[in-house]
Amino acid sequence: MIDDRTVARVARLSRLELSPEELDRFRHQLGEILEYVQRLNALDLAGVPPTAHVLPMANVMRDDEVRPSLTQEAALANAPAVENGYFVVPPVIAEDSPE
Amino acid sequence: MTALPDLTAGELRARYRRGETSPAEAVRAVFERIDAQERRLHAYLYVDREAALAEAARWDGVVRRDDAPPLAGIPVAVKDNICTQGWPTTCGSRILAGYRPPYDATVVTRLRRAGAIILGKANCDEFAMGSSTENSAYGPTRNPWDEARVPGGTSGGPTAAVAAGEATLALGSDTGGSIRQPAAFCGVVGMKPTYGRVSRYGLVAFASSLDQIGPIARSVRDAALLLQVIAGRDPADSTSADVEVPAYGDRLATSLRGVRLGIIREFFAEGLDAGVAAAVRDAIETCRSLGAACEEVSLPSASFALPAYYIVAPAEASSNLARYAGVHFGHRTSNAADLITLYSRTRREGFGAEVKRRIMIGTYALSSGYYEAFYLRALRVRTLIRREFETAFNRFDALVGPVTPTTAFRLGEKVDDPLQMYLSDVYTVPLNLAGLPGISVPCGLVGGLPVGLQVIGRAFDEQTILNVAHAFEQATPFHTRRPPAGAPASEGRGRAS
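First to last, the protein sequences are chains Y and W.
Okay, so the first sequence: first residue is 1 according to our numbering, each after it adds one.
Okay, so the second sequence: first residue is 100 according to our numbering, each after it adds one.
There's no promise every hint is true.
[What the hints assert, rightly or not] If you want the footprint, here are the derived chain W segments under chain Y, 3+ residues with CB under 8 Å: (1) 424-434; (2) 454-460.
[Stated by the list, open to error] Pulled from the structure, derived: some chain W residues nowhere near chain Y, Cβ distances all over 12 Å: (3) E124; (4) R148; (5) R212; (6) A340; (7) F367; (8) A376; (9) S400.
[To be verified] Derived pair list, reagent style SDA-like, types lysine to any residue, alpha-carbon separation capped at 20 Å: (10) W:K455 <-> Y:R62; (11) W:K455 <-> Y:R12; (12) W:K513 <-> Y:L30; (13) W:K455 <-> Y:E21; (14) W:K513 <-> Y:D3; (15) W:K455 <-> Y:S19; (16) W:K513 <-> W:M100; (17) W:K455 <-> Y:R9; (18) W:K455 <-> Y:R25; (19) W:K455 <-> Y:L40; (20) W:K455 <-> Y:Q72; (21) W:K455 <-> Y:D3; (22) W:K455 <-> Y:E17; (23) W:K455 <-> Y:N59; (24) W:K455 <-> Y:Q29; (25) W:K513 <-> Y:L34; (26) W:K455 <-> Y:L23; (27) W:K455 <-> Y:Y36; (28) W:K513 <-> Y:E22; (29) W:K513 <-> Y:R27; (30) W:K455 <-> Y:D24; (31) W:K455 <-> Y:L18.
Hint data in this document are derived by calculation from the structure and do not stem from the laboratory.
Predicted model only: the values in this text are computed from it and were never measured.
For every residue, glycine included, the Cβ atom is placed at its ideal position computed from N, Cα and C.
When you get a sec, could you build the whole thing from the sequences and use the hints?
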């Protein structure tokens with residue numbers, strides 16, 4: 001029920017690089033799972049509201065006060081690359097790109 | 100006399116108070132058990148003997164006092180998706196290899212304050228996705244009753260640890276059955292509290308509207324004790340509810356007179372192993388003999404809970420797991436020249452197959468053009484399921500049925516067939532969708548393997564299901580059965596009767 005193009009598109013949206021073998025296996029497995037969950041189509045759901053969350057709660061507010069929190073050092077301690085207190089990532093915009 | 104690692108927390112506390120043993124002695128005995136068994140069981144991903152012994156020494160004198168905190172000197176295992184400051188917290192994933200959280204989860208803070216000795220971090224399916232603990236990137240945990248079989252999942256590590264005397268108590272998490280199913284497979288008590296009963300602050304998020312931390316123990320009284328410590332409102336988790344926490348242990352009943360139990364008809368339909376069905380029916384008869392009024396009840400949409408769950412949970416996961424991208428923490432690919440490749444390749448290298456599958460199912464179900472047909476439809480089904488439970492609770496104080504359709508299955512039996520693996524959760528996921536509490540209590544052995552009775556309660560009424568489980572437990576010998584020491588892998592042992 002889903003083809004290679006759909007799997008590749010979903011993988012791209014998911015930010016997942018897939019090997020050709022994975023693409024093949026996932027097409028098969030995702031197809032099976034999606035077919036299974038479509039059992040829900042047998043139900044008449046007219047007028048039934050969705051439940052995203054079970055607790056009867058609205059927004060929970062607290063006072064906007066400065067409180068102790070992680071130090072910059074602790075917050076960055078697990079990062080794979082850090083420089084001058086920042087997280088380091090590869091260039092988002094190439095340096096030599098025109099205007 | 101029962102060995103120290105096999106005592107309940109209640110028994111251990113009594114011995115401490117009488118000065119018959121000390122936390123240091125108990126912790127040492129548990130580590131001897133760990134040394135003897137871990138190579139076979141693999142319940143833990145990390146232990147810190149020195150820290151545990153130092154902590155045990157700290158509580159040494161205190162445990163004899165009447166005002167000792169409730170878990171003083173009690174050895175506890177914590178599932179590896181719960182943050183522990185300075186200790187590795189991997190969620191069973193390569194992508195979090197080496198990650199050491201800068202803070203403790205609220206439940207861990209509460210454990211420490213209550214005097215618990217935290218031994219280490221217990222194994223689980225990667226990001227708590229699975230039903231067998233085979234999805235751990237660090238290798239599976241084995242069932243203490245039979246090494247050829249899975250302990251269940253995703254809290255297979257903490258549950259096997261409790262079953263095999265490698266911890267007195269443990270914390271697990273339950274998104275679709277991940278405490279109750281392994282508790283049933285390993286012959287111990289496991290509870291998923293009401294959604295909102297226990298703070299999720301510091302629980303690594305999988306499906307935020309379903310996840311809940313809960314106790315694993317060798318008796319219902321111990322489970323009540325641990326729940327008492329971890330339950331209650333936490334300002335750091337806005338979904339934790341401001342609902343009074345009763346003194347569960349003080350009110351445990353041994354009679355079920357006047358208790359109305361609903362037997363869920365749909366949980367005994369096709370797919371349920373005959374041996375498991377017989378054990379659960381016997382358990383219900385025992386409840387009847389203890390005074391309960393038992394009658395059948397129907398939840399017509401129950402069979403739609405599993406397909407709804409496998410849309411809702413992956414959808415939430417696909418969003419929650421976006422944070423693992425090789426930037427803030429965890430693994431980063433060494434081979435990426437641009438940002439998108441950095442994300443995609445890091446995630447390819449760091450995630451296992453089941454996590455990738457669920458991220459993709461969730462992304463698909465939330466994507467433009469499919470959102471209404473999949474995600475929104477599943478949320479509507481969730482309403483149906485909630486309403487059916489509510490209607491049932493107009494007539495009944497608690498509902499009962501099996502926890503799992505079969506006893507523990509063999510390692511490797513379902514790893515290549517995700518859908519078959521999912522079906523293991525068919526009786527546990529409805530509660531998560533409805534936010535209700537449920538407990539698994541040992542109710543028999545079939546072919547030498549444990550079976551669990553599931554008791555389901557109203558929201559925030561953990562007391563009633565603890566009472567039913569406790570009364571049943573005290574009337575039956577099943578909770579006293581421990582796995583045979585060094586249970587070898589069964590070759591020809593017959594399954595189920």
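Hints, verified against the model:
1. Coverage of the stretch 424-434 of chain W by chain Y holds [criterion: at least 3 residues with CB-CB distance below 8 Å; count 8].
2. Here the stretch 454-460 of chain W counts 5 residues with a CB under 8 Å from a CB of chain Y, which clears the bar of 3, and the coverage holds.
3. The beta carbon of W:E124 is kept farther than 12 Å from every beta carbon of chain Y, the shortest such distance being approximately 36 Å.
4. Its beta-carbon lying about 24 Å from the closest one in chain Y, W:R148 satisfies the requirement of being farther than 12 Å from that chain.
5. At roughly 18 Å, the least C-beta separation between W:R212 and chain Y is larger than 12 Å, which holds for a residue marked as non-interface.
6. The Cβ of W:A340 sits about 6 Å from the closest Cβ of chain Y, inside the 12 Å cut-off, so the non-interface label is violated.
7. With a least CB separation of 20 Å from chain Y, W:F367 remains clear of the 12 Å interface cut-off, as annotated.
8. The claim that W:A376 is not at the interface with chain Y holds, since no C-beta of that chain comes within 12 Å of its own (minimum 23 Å).
9. For W:S400, the condition that its CB be more than 12 Å from all CB atoms of chain Y is violated, with the nearest at approximately 7 Å.
10. Annotation: proposed proximity of W:K455 to Y:R62 is violated, straight-line Cα distance about 37 Å (limit 20 Å).
11. Proximity of W:K455 to Y:R12 is assessed by CA-CA distance (about 12 Å); at most 20 Å being required, the pair is judged to hold.
12. Proposed proximity of W:K513 and Y:L30 is supported: the alpha carbons are some 16 Å apart, at most 20 Å.
13. About 14 Å separates the Cα atoms of W:K455 and Y:E21, which keeps this hinted pair within 20 Å; it holds.
14. For the given pair, W:K513 sits about 25 Å from Y:D3 by alpha-carbon distance, which is inconsistent with the 20 Å threshold.
15. This hinted pair checks out: W:K455 and Y:S19 have alpha carbons roughly 12 Å apart, not beyond 20 Å.
16. As the CA atoms of W:K513 and W:M100 are separated by approximately 40 Å, the hinted pair breaks the 20 Å bound.
17. Restraint check for W:K455 and Y:R9: the C-alpha separation of about 14 Å stays at or below 20 Å, so the hint holds.
18. For a cut-off of 20 Å, the pair hint linking W:K455 to Y:R25 stands: about 12 Å separates their Cα positions.
19. A distance of roughly 23 Å separates the Cα atoms of W:K455 and Y:L40; the hinted pair therefore is violated under the 20 Å criterion.
20. Taking the CA atoms of W:K455 and Y:Q72, the gap is about 32 Å. The hint is violated against a cut of 20 Å.
21. Straight-line distance between C-alpha atoms of W:K455 and Y:D3 comes to about 17 Å, which keeps the hinted pair within the 20 Å bound.
22. Annotation: proposed proximity of W:K455 to Y:E17 holds, straight-line Cα distance about 10 Å (limit 20 Å).
23. Proximity of W:K455 to Y:N59 is assessed by CA-CA distance (about 32 Å); at most 20 Å being required, the pair is judged violated.
24. Between W:K455 and Y:Q29 the alpha-carbon distance is near 12 Å, which keeps this suggested pair within the 20 Å criterion.
25. A hinted pair counts as satisfied when its Cα atoms are at most 20 Å apart, and W:K513 with Y:L34 qualifies at roughly 18 Å.
26. A threshold of 20 Å between alpha carbons decides the hint, and for W:K455 with Y:L23 the separation of about 11 Å falls inside it, so the pair holds.
27. Note on W:K455 and Y:Y36: the hinted pairing holds, with a Cα-Cα distance of about 18 Å set against a maximum of 20 Å.
28. A C-alpha spacing of about 18 Å is found between W:K513 and Y:E22, which places the hinted pair at or below 20 Å, so the restraint holds.
29. Distance restraint check for W:K513 and Y:R27: the Cα-Cα separation of roughly 18 Å lies within the 20 Å cut-off, and the hinted pair is therefore satisfied.
30. Straight-line distance between C-alpha atoms of W:K455 and Y:D24 comes to about 14 Å, which keeps the hinted pair within the 20 Å bound.
31. Pair hint W:K455 plus Y:L18 holds up; C-alpha atoms about 9 Å apart against a cutoff of 20 Å.
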